[in-house]
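Starting from the given sequences, assemble the full structure and let the hints guide the process.
Residue numbers (this note's numbering), protein chains in the order written: chain H, 1466 to 1682; chain W, 264 to 510.
Mixed in with the good hints, there may be bad ones.
[Said to hold, decoys possible] Covered by chain H, according to a simulated footprint, are these stretches of chain W (three or more residues, beta-carbon under 8 Å):
1) 409 to 417
2) 492 to 503
[Stated by the list, open to error] Within a straight-line C-alpha distance of at most 30 Å, the following computed DSSO-like cross-link-like pairs (lysine-lysine) qualify:
3) H:Lys1616 x W:Lys453
4) H:Lys1468 x W:Lys453
5) H:Lys1632 x H:Lys1610
6) H:Lys1575 x W:Lys453
7) H:Lys1642 x H:Lys1616
8) H:Lys1536 x H:Lys1643
9) H:Lys1632 x H:Lys1650
10) H:Lys1468 x W:Lys436
11) W:Lys380 x W:Lys436
12) H:Lys1643 x H:Lys1616
13) H:Lys1536 x H:Lys1610
14) H:Lys1650 x H:Lys1536
Since the hints were derived computationally from the structure, they do not count as laboratory data.
Every residue, glycine too, gets a C-beta built ideally from N, C-alpha and C.
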Amino acid sequence: MSKALEDIGLIENPEQRCACVLLLDTSGSMSEAPIAALNEGLRVLHDTLSTDSVASRRVEVAIVTFDSAVKVVQNFTTVDQFQPPTLGASGNTSMGAGIEKALDLITERKRAYVAHGITYFRPWIFMITDGAPTDSTETARLRIKDEEARKGVAFFAVGVDSADMAKLQEISVREPKKLRGLEFKELFVWLSRSMQRASQAQPDDQIGLQATGWSTV
Amino acid sequence: MIGASIQGSGHERLAVPCQDAHSWAITEQGVLLAAIADGAGSAQYAEKGAARAVEGAVHYLRDRLDSGTPTDSEGYSQLVSEAFRHARLAVEQEASNHESPVRDFASTLLIAVATDKIAAVGQIGDGAIVIGDDEDNVMALTRPEHGEYINETVFLTGPQALSQIQTNIWIGKPRYVSLFSDGLQMLALKMPEGTPHPPFFRPLFRFIAETSDTLSGREDLSSFLFSPRIRSRTDDDLTLLVCAHVD
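Here it is as structure tokens:
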């Protein structure tokens, strides 16, 4: 190769970010087998994304749990800094408040991106629940509807076991999916792959819950 | 004039053909005509759309300039706008031959027309056009166009495309003209501002100035775009067209 081409210097732009909030139901009904499977799933997510050098620098994961209260267990962090937590389960299902917290985190994050001149992809909220909300989800539903309409965020809902699928359908603009059994591992492998793709999306690529091996039809 | 358009590693994994295209010509009067297009990843016939777009633009410009060059910057500005319109017509024709919707042929389009007195450029979508002058100045004449999200852009086939052309006229002697697709923009421009990174462009322009054999120059440019330090940073298709004005 010519000497001049070897001299070309590449600019280091801040990596483009792909933010994803994992919004997880940690109410009492999730205890024992489901929460263990969910914790295992989080480790799978971490391990799978870590093997992709581009995704591990671009994907930012945050974890919000909802039971009787809403907790930000992990604020946004890139995968290389992400330590999967071990979650416990007890109490009610404050889903509405959980969704609102997740939306707030995303709004805040986008502001930080803009302030730091970081380019980004459309953020995701990925909610997993096995129950029905014990608080009001009306504001959350309206906010999701509004965000989806102006492409502010992509909200996905996955129901486990006896989840109230009709309620999820009402809340989510996108068709909610039902997890087959406790196949959290398959779910998180799939989610990792989707995040890998999303974090390297080309112009006009569409996002969505597509071919899955983990959901019932 | 040297251009290279190569396939990205991400697309190789997905077995999608290289969706970038480029075309260029130099008229008898010595006017440089150059166009590149990056096909939309989601469009079924993106590579055909990109190819028709650049051909349509360059054909039109060549025919049009045969009957005389514009006399003022307004004339050049119109010339570039017309080139976009003809590129779009060529893509529409291709779509109708396939009996497919025109959005299946979506691509970006960047056009540059340059003489030793003026550079007239236009762009729909991302990528950028960067020029260099005799004083070592490096200037972006267009900038990547994207929405809130980095992977949202506009395409030549969009309903409002022809009213969304980013045009620019630069008066002076453009010694070097380069056009590149979005695959390179994160490596060559400070983003999101879109300002050119001189350490990228100065050696590139030196390379083209030193290259006398177009064929070997093209090979050199391709191996540069394929080199590990580029491939580790992007897996998109890459198109880079770079030209030098020789006195």
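Going down the list of hints, with the structure as the test:
1. 409 to 417: holds (count 7)
2. 492 to 503: holds (count 6)
3. H:Lys1616 x W:Lys453: OK: H:Lys1616 and W:Lys453 at ~26 Å, within 30 Å.
4. H:Lys1468 x W:Lys453: holds (24 Å)
5. H:Lys1632 x H:Lys1610: holds (14 Å)
6. H:Lys1575 x W:Lys453: holds (19 Å)
7. H:Lys1642 x H:Lys1616: Holds, because 20 Å separates the two Cα atoms, which is no more than 30 Å.
8. H:Lys1536 x H:Lys1643: Given that 30 Å is the threshold and the Cα spacing comes to 24 Å, the pair holds.
9. H:Lys1632 x H:Lys1650: At roughly 25 Å apart (the allowed maximum being 30 Å), H:Lys1650 and H:Lys1632 satisfy the hint.
10. H:Lys1468 x W:Lys436: Status holds; Cα separation ~26 Å.
11. W:Lys380 x W:Lys436: holds (5 Å)
12. H:Lys1643 x H:Lys1616: holds (24 Å)
13. H:Lys1536 x H:Lys1610: Distance of about 23 Å is within 30 Å: holds.
14. H:Lys1650 x H:Lys1536: Distance of about 23 Å is within 30 Å: holds.
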